[in-house]
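Chemist: Letter by letter, the chains look like this.
There are 4 protein chains.
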Amino acid sequence: MALTLPRWPAAKSLAKPSERSTHERLQATLRKSDEVLSPRMLRKVLTALEAVIDARVSEVEGGRRAHAVALDYLAADPGERRDYWALMSEHFAADAETLKAARDQHQAAVGTPEEGQAEMRLRRALVSPRMRLLQRFAVEPEGMRFLVDLRADLLPHLKADQRLLALDAELEHLFSTWFDVAFLELRRIDWDSPASLIEKLIRYEAVHDIKSWDDVKNRLDHIDRRCYGFFHPRLPNEPLIFVEVALVDRISDGITPLLDETATPLQPAKATTAIFYSISNTQAGLRGVSFGDSLIKRVVETLQAELPRLKVFATLSPIPGFRGWLVKNAATLVPLLDEKRANELGRLIGSLPPTAERLLAAVEAPGSLADPKSPLRHWLTQCAAEYLGRAMTDGKPVDPVARFHLGNGARVERLNWGGDPSSKGQKQSWGLMVNYLYDLKRLDKHRAWLANGRVAVSGDIEGLYFKS
Amino acid sequence: MALTLPRWPAAKSLAKPSERSTHERLQATLRKSDEVLSPRMLRKVLTALEAVIDARVSEVEGGRRAHAVALDYLAADPGERRDYWALMSEHFAADAETLKAARDQHQAAVGTPEEGQAEMRLRRALVSPRMRLLQRFAVEPEGMRFLVDLRADLLPHLKADQRLLALDAELEHLFSTWFDVAFLELRRIDWDSPASLIEKLIRYEAVHDIKSWDDVKNRLDHIDRRCYGFFHPRLPNEPLIFVEVALVDRISDGITPLLDETATPLQPAKATTAIFYSISNTQAGLRGVSFGDSLIKRVVETLQAELPRLKVFATLSPIPGFRGWLVKNAATLVPLLDEKRANELGRLIGSLPPTAERLLAAVEAPGSLADPKSPLRHWLTQCAAEYLGRAMTDGKPVDPVARFHLGNGARVERLNWGGDPSSKGQKQSWGLMVNYLYDLKRLDKHRAWLANGRVAVSGDIEGLYFKS
Amino acid sequence: MALTLPRWPAAKSLAKPSERSTHERLQATLRKSDEVLSPRMLRKVLTALEAVIDARVSEVEGGRRAHAVALDYLAADPGERRDYWALMSEHFAADAETLKAARDQHQAAVGTPEEGQAEMRLRRALVSPRMRLLQRFAVEPEGMRFLVDLRADLLPHLKADQRLLALDAELEHLFSTWFDVAFLELRRIDWDSPASLIEKLIRYEAVHDIKSWDDVKNRLDHIDRRCYGFFHPRLPNEPLIFVEVALVDRISDGITPLLDETATPLQPAKATTAIFYSISNTQAGLRGVSFGDSLIKRVVETLQAELPRLKVFATLSPIPGFRGWLVKNAATLVPLLDEKRANELGRLIGSLPPTAERLLAAVEAPGSLADPKSPLRHWLTQCAAEYLGRAMTDGKPVDPVARFHLGNGARVERLNWGGDPSSKGQKQSWGLMVNYLYDLKRLDKHRAWLANGRVAVSGDIEGLYFKS
Amino acid sequence: MALTLPRWPAAKSLAKPSERSTHERLQATLRKSDEVLSPRMLRKVLTALEAVIDARVSEVEGGRRAHAVALDYLAADPGERRDYWALMSEHFAADAETLKAARDQHQAAVGTPEEGQAEMRLRRALVSPRMRLLQRFAVEPEGMRFLVDLRADLLPHLKADQRLLALDAELEHLFSTWFDVAFLELRRIDWDSPASLIEKLIRYEAVHDIKSWDDVKNRLDHIDRRCYGFFHPRLPNEPLIFVEVALVDRISDGITPLLDETATPLQPAKATTAIFYSISNTQAGLRGVSFGDSLIKRVVETLQAELPRLKVFATLSPIPGFRGWLVKNAATLVPLLDEKRANELGRLIGSLPPTAERLLAAVEAPGSLADPKSPLRHWLTQCAAEYLGRAMTDGKPVDPVARFHLGNGARVERLNWGGDPSSKGQKQSWGLMVNYLYDLKRLDKHRAWLANGRVAVSGDIEGLYFKS
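Protein chains in written order, with UniProt numbering: chain A, 1 to 468; chain B, 1 to 468; chain C, 1 to 468; chain D, 1 to 468.
Worth flagging that the hints you see were computed from the coordinates, not collected in a lab. A couple of the hints might just be wrong.
Note that the list lumps identical chains together, so a pair holds whenever it fits in one copy or between two copies.
Listed below are the simulated EDC-like cross-link pairs for lysine to aspartate or glutamate, each with C-alpha atoms no more than 20 Å apart in a straight line [said to hold, decoys possible]:
id, residue 1, residue 2
1, 340, 462
2, 200, 238
3, 200, 190
4, 270, 224
5, 217, 238
Sequences are here, hints too, so could you generate the full structure?
Modeler: This is the structure:
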């Protein structure tokens, strides 16, 4: 029999958590926080958690113990759960002494031939019992589901309770490896998919709410529709992210026809354009693990293989942050108006020169945007172009959807008035929608531009910028 | 659309490998080693590797570039491959400055409330471009196969070329996570399994060679035989480890009846005992990633569910290191003989008191062990009991197979003369075989003993120890 | 290569339909019916049909020609389709001469050793070109679907147009073989089944209408519910028949709690009783092909294997023909009332002795059945017992649902007032429902009784019979 | 619940086999044959068989009884099995009276509007209890396997024991429907197929024996090889027929390179020609059920879809009947030689004019055919052309392989000297092999020619015919 070395890492510190250290650590937790569980219960939970990674028990037995802890956790109420998180976060750090030794060794080795070795040793010293603890939760069939949900529960408390940061970071690190794109499977979701899966689409759809089973059937069952999701072997029947696609003959300028259940489907063979009109992440617990880039590229490949006539791949996207941003930044933008536009707007709102306050009030007045030729519309469109193409924060686009698509290498292609007549659309962007174009040959070029602070936009969009 | 933060970690240091740094690093490599590739080729390969992790390209594009590099690598000859390894090992270390800053910060934070945060930062700083490089190789369907084979190629050169240690450690770390037991699927392998899979069993079987398709059919297709393997979603149709089991009515004392193609199969419902007579790891590239413990436990669970009458689970194992060990240690053991045995042996070999040298010569003499009552046999059996039950190194059993089973919590149950009459069996242990017993209720207790340096053995084995 | 004899039967008569015979037969069709298609079109269709079975073309080519005909048929309007049926029915009969010869030969051979041979020859002579025609339609993937739908279309016209009988009989014969129980697969249908399949349940459910996706989820997704269907390899994702089951702790006496979406599910392990509360055939085109018997038995076996505590298997069934039957037969039943009951009823309706007419009028009066102690209720219950237990036609129970379950060997167990408060329930049976009990050990005995004209009923039901 | 009419046919004659009739029939059997089973056993088996179709029991129960009979049958020895066959054949004929009535009715109805109805009634009357008996055997999972094997056992006894004809015909009829091409699935068999399936290929290969697992791997695992089989849902993992294909760049002229395990594979994308070099039926029990025509056409379609460059589809086939035929017919052929050839041959064999006897003796003389220019070779080639292209029996080619391929519409393309150097090849045809060409556009034309007695051959083959 070929042999195996001990599983990496088998840190000595895991061997036998002494009674004393458990007691001391617990005191620390008790001193600094507002537990819900009694000290007796806290001690019991901590003992149970430590038993999970007892180096003397096998992985299988460790997995079973983790499963028992998980059942207790699930039966606990929200306040009690926070105590579990705190224990998992605080009591399973890497061994301080080992870490110190490795750190010092590394410091001494920098620049010598031993540097590589020292770096490895430092990394091993950083592998915490917490990581092993979480790995053992993952052993049982439902374990991955448990961990992803645990993190989803935990995330909202992160700001208020810094103790939990270590646990969160550990989970994010593990998920980044476990949910590596290499492990994801792209699957088409259609009307032959399990009802339980389609029910999840209804629940998870985050862009254009699915109103009924007829609505979702409309999005899945027509010959001119496609839906694809990424799936992971340890979360079966659970899409991690999914995208809804319409096959059309030109870039869509509004969401209404795409959601119309009575529309006549287009023969896919006649479609020239694929519109990605909704992309939804489903697992809050996987925050920080990105799939969207790969999803869109693999969907494009899949569609091209099936329908060689498809040439244009674009989104029809909301502009969720526009209205909030404009309210804050209008005062900066008004002075950039050229004279002609400024006069036009001023006359309309009875204030020459126009002020940001009055302009915004006019925009909000009922019916003020009804006229397709309204100068207010033109002004808002210009502002939206500025917002999407030039408003940056930390070197990235301000708008979260723009950040995603531009980060993938798409470009801002076209703004569409009245694209989303829903109240959500009105609230986000006065109904404006935008197309991001995925020109496969230019994605990497656009990404390089973005790294240098430049957003790729079409000529039309560029023409809308204020001359400054 | 819900948003995703950038994938963890998006180290800035990955952004744009400057031409200069590439050049400098290359010079370093050229200075210190004996490359096979020309400097021009080395530069070309390094540039290609750096392009794989160029932060401006997407994961999908990165995966494609990795695939292209992989094809070049596969076309390279063994000497050239070592240059690839050296480049991957030396040129993709974590950024030294970032690492230094994080290390210093951690040093300052120890004992403060910021310690946790500092630890996280240190861990992120340790995530190397090398890790990202390897992850991108894994994106393409055949990528995991590629990486596992690459490490298998690399391992034999590790001792001679310390430069490669970093790459090896990085691979081991990634494999430990990717091949976590949580991701493995236990599958029965039988005569309905793909021929291509069964062909692999023939190739990988490491304990009792499979001689022909008839032989393997005998091990898979009889109602009293089982074979189970662990499989991973990214290495389909490839067993990572597999175990062969015979269902019998008492603990087997020799391998011959188990491999006999003409034996009458036992009705499984009548079997009381499952004998694990062969366990083989198949992937040299996964050294250090342990599956055996989980495999045996899950096989036991599977068998118990199917055949509730099974009560005894034991191995029939070789003792591969015995002969080599005894040759070295006989001189130490001879004085431990009690007087009666010493006289008996001395008379037999014509040397009173017996010497180690003479004893070993007698053992090797043709036919000397043929007599079941031979005092030499008894002496060897005693020595084997010592070897398995008391010979330790670094706190672990010396014998590699013993180390595996005893590490799982099994105990040394029985020694069997003539258990393996093959020439390999003769060469390893004069044909002696051993049964390790898996008593499910005592596995953890035995593991705890072992951690304290005590090997669990049966009363019979204990009775064989020399009184010292 | 081993050889194959010509496919059975390769009747010579199929070889070359002569132009003349086509013409003559067509004239016959034209003379006797009221075609919708023009003579030119009729001739074209007939030629196309004959080309399908042209003995010179291969099965594959024949299949393709059939497919082309099928597309034309599907594009035809209902009137035109009848012409297709007439052509298929009339023009593809067995060859008259061959048949006559075989018939005469058989007549001569009766009682001689050649009788068996002659019988075979007669059977072969009866294999019609029509059978081969239909077989070729079945070759293409959608062919089976086509034939089943064709027969469903055809059935309503059978009474009015005797010409179609031959085609119908041929289809029924083929379906009886193709849909043999041996070819059917029992599958559980649950909330993980394809949405497209569950949508079919909604459409096909024939007993208790499924009102919404929430309703169907209630029937499929609760731990105390099961649904099973029979599937055929050539009609994938299409249940031929399905049964809905509730796991309960006593025999249900009404449908309302079973359809209540807010009811608390029972732990299956605690269930003692399985209630089959809805059985629906889905394919009108398979009329005459019976699956129900096997379905229930295999569902019972499946449930028993999964839940050994289940002991009682019963239905909760409508009594669809009761009201109609009672209206017709009340006059016969009234005289059977015993004196006490007659007086009681007579007083209630103000007519002594009571007459059938007045009794029925009283039953129909609003609110007349509201009182649980109403003598009218008792009378109706007695009549229902008579109806289910003694009303026979052609040796079989009059009520179609009774015919099915009693034919399977069940017995009439209990009548339930107010079992079905829906308007359909009122209309069929004033809301009365019945349980049929499947006592697995007595099914065959009950079937034997039924063959002798005796219906198996419980003591309670027997006690309700009128003493005559 | 939608209702089902009674399963077609529910002949009354099946209802209750009376004790008397069983006795009488048994006497008949006893009188006329040489049973192996004792009268007591015969009676017992007959009773068990009759119980299977007892109209009072359900299909499920009937299936179980059939299963019990099947187990007894399988435990019986060959002689006893013949008694089972005789009982099944003789005692389950259609009811004579019903049949007589239906026959007479039909006679009277010929030419009247009732003819169709009468025909249907006659068909129903011909449905025998035997058919129902066999159908019930098929209910259990292993039932189809049982029936196919039963017929394979039965076939060799058919000539000697005419009593069995009825059972054989019934089985053939059922199999023709059950194994309709519409139910068959074409599957590729490759090196990833189950070992148990590949083992069957080794056993079933009927043209060029598979010598070892290396040999079969060579035929399945190379990129320029394909193997396809037809599978039936009720005989899983059992190919009914399979074909082995080589992808090459010209029509192969010999089998040796195709079976050479050391040959370098051709890139499939470069292949222009698919050679079907072995076609084997596997189930003797399905004699008379033809799959080969469909198999080849569907394989051609599959290959064309995958490899559009493939243009030529041909066989490399043995000529199994040639030698035997020539020995019988040489005397007729010799006079057809033209003068030049006759003289040439006469000189060679020392007999002018040459005689058939001397020619054949010369052919058989060792080494006589070694010279490629030997006039004997030319003469044999001419004779082979005659044999394949003009020797007919009952309107069909004499050679069984020719009958199969020409019946499919292929043409005789080329004769190949030394095509099969194996001893089997020598014995069948002095090593001559033939290519049949499948020109997809001409298959139907060639079939039509064949129906008129003309075999399609290439110009080369035609040029070899003797001028008569």
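Chemist: Are the hints correct? Go through all of them and say.
Modeler: Right, here's what the structure says about each hint:
1. 340 to 462: within (19 Å within a copy, 93 Å between copies)
2. 200 to 238: Intra 8 Å, inter 24 Å, cutoff 20 Å: intra-copy only.
3. 200 to 190: Answer is both: 13 Å inside a copy and 16 Å across each meet the 20 Å cutoff.
4. 270 to 224: within (10 Å within a copy, 37 Å between copies)
5. 217 to 238: both (18 Å within a copy, 18 Å between copies)
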